[in-house]
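Since chain V is already given, all that's left is putting chain R on it; use the hints.
Quick note, the sequences are listed as chains V and R, same order. According to this note's numbering, the first sequence is numbered sequentially starting from 1. According to this note's numbering, the second sequence is numbered sequentially starting from 1.
Keep in mind that the hints were calculated from the coordinates and are not lab data. There could be a bad hint or two in this list.
Unchecked claim - A partial selection of chain R residues facing chain V, derived with a Cβ cut-off under 8 Å:
(1) 33
(2) 38
(3) 42
(4) 43
(5) 45
(6) 65
(7) 88
(8) 91
(9) 105
(10) 107
(11) 110
Note that CB positions come from ideal geometry on N, CA and C, so glycine has one too.
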Amino acid sequence: DAKTTQPNSMESNEEEPVHLPCNHSTISGTDYIHWYRQLPSQGPEYVIHGLTSNVNNRMASLAIAEDRKSSTLILHRATLRDAAVYYCILRDVNGGATNKLIFGTGTLLAVQP
Amino acid sequence: NAGVMQNPRHLVRRRGQEARLRCSPMKGHSHVYWYRQLPEEGLKFMVYLQKENIIDESGMPKERFSAEFPKEGPSILRIQQVVRGDSAAYFCASSPPGVTAHQPQHFGDGTRLSIL
Numbered sequence: 001d002a003k004t005t006q007p008n009s010m011e012s013n014e015e016e017p018v019h020l021p022c023n024h025s026t027i028s029g030t031d032y033i034h035w036y037r038q039l040p041s042q043g044p045e046y047v048i049h050g051l052t053s054n055v056n057n058r059m060a061s062l063a064i065a066e067d068r069k070s071s072t073l074i075l076h077r078a079t080l081r082d083a084a085v086y087y088c089i090l091r092d093v094n095g096g097a098t099n100k101l102i103f104g105t106g107t108l109l110a111v112q113p
Numbered sequence: 001n002a003g004v005m006q007n008p009r010h011l012v013r014r015r016g017q018e019a020r021l022r023c024s025p026m027k028g029h030s031h032v033y034w035y036r037q038l039p040e041e042g043l044k045f046m047v048y049l050q051k052e053n054i055i056d057e058s059g060m061p062k063e064r065f066s067a068e069f070p071k072e073g074p075s076i077l078r079i080q081q082v083v084r085g086d087s088a089a090y091f092c093a094s095s096p097p098g099v100t101a102h103q104p105q106h107f108g109d110g111t112r113l114s115i116l
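Chain V with its partners taken away, still in its complex shape:
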């Protein structure tokens, strides 16, 4: 799986939008961009994924650059509950039999009241 680069940490204020960046300059045409987050003392939680087009769901939005070398996870109104480590992960549709997730160090998001 291709490598991703994320800032180690970010801060946000409650009820403000948060933009979490991810660089993946070596992405291949068959790599999906996935985001997971891990709240304190919990297991990772799927957030969103996409291939080329921007995606929206009830949790967040995913904006994908036209050249696909970067993407941004957007939390429209941060809450205290959104404080977590956010992981950007690439998954190759032609990855063969394995379906493992390769986690990097992620971005630790702190939300201030």
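Relative to chain V, chain R alone:
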């Protein structure tokens, strides 16, 4: 619909004992994954199983660790003769059959293993 269930949530063992971690996948899910998170480190893949088969064990330590997912019952991660370095959080995830790269994995809340 219950999520992925792991038990126990916390497990304490003395060096040299065996640890058994259990994972019940979500209903309808036949694929199970185990990940380990060492203190102050990231999540690392260990093993991927389908019912009665190990598909990818590239992340499993060569000795003392084994995993199974029998036809009936939960998946079991077994660690024999535990050492202090095995202290970690162990997470299980599951996904439905027919998995592709755009199928999310659903995680349990983990088992925190402490070795005295």
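Here is how each hint holds up against the structure:
1. For residue 33 of chain R, the suggested interface contact is upheld, since its CB lies about 7 Å from the closest CB of chain V, less than 8 Å.
2. Taking 8 Å as the C-beta cut-off, the interface hint given for residue 38 of chain R is violated, the closest approach to chain V being about 12 Å.
3. Proximity of residue 42 of chain R to chain V holds as hinted, the smallest CB-CB distance being about 5 Å (cut-off 8 Å).
4. Here the hint on residue 43 of chain R is kept, as its CB sits about 4 Å from the closest CB of chain V, short of 8 Å.
5. With 8 Å as the threshold, the beta carbon of residue 45 of chain R comes within range of chain V, its nearest partner Cβ sitting at about 4 Å, so the hint holds.
6. The interface hint given for residue 65 of chain R is broken, as the beta carbon of that residue sits about 16 Å from the closest beta carbon of chain V, more than 8 Å.
7. Using the Cβ-Cβ criterion of 8 Å, the hint placing residue 88 of chain R at the interface with chain V is not satisfied: the shortest such distance is roughly 13 Å.
8. The interface hint given for residue 91 of chain R is met, as the beta carbon of that residue sits about 5 Å from the closest beta carbon of chain V, less than 8 Å.
9. The beta carbon of residue 105 of chain R is positioned within 8 Å of a beta carbon in chain V (closest approach about 6 Å), and the interface hint is therefore held.
10. Hint on residue 107 of chain R holds. Least Cβ distance to chain V is approximately 3 Å, under the 8 Å limit.
11. Given hint, residue 110 of chain R at the interface with chain V, holds; its Cβ is 5 Å from that chain's nearest Cβ, closer than 8 Å.
Of the hints listed earlier, those the structure fails to meet are numbers 2, 6, 7, in rising order.
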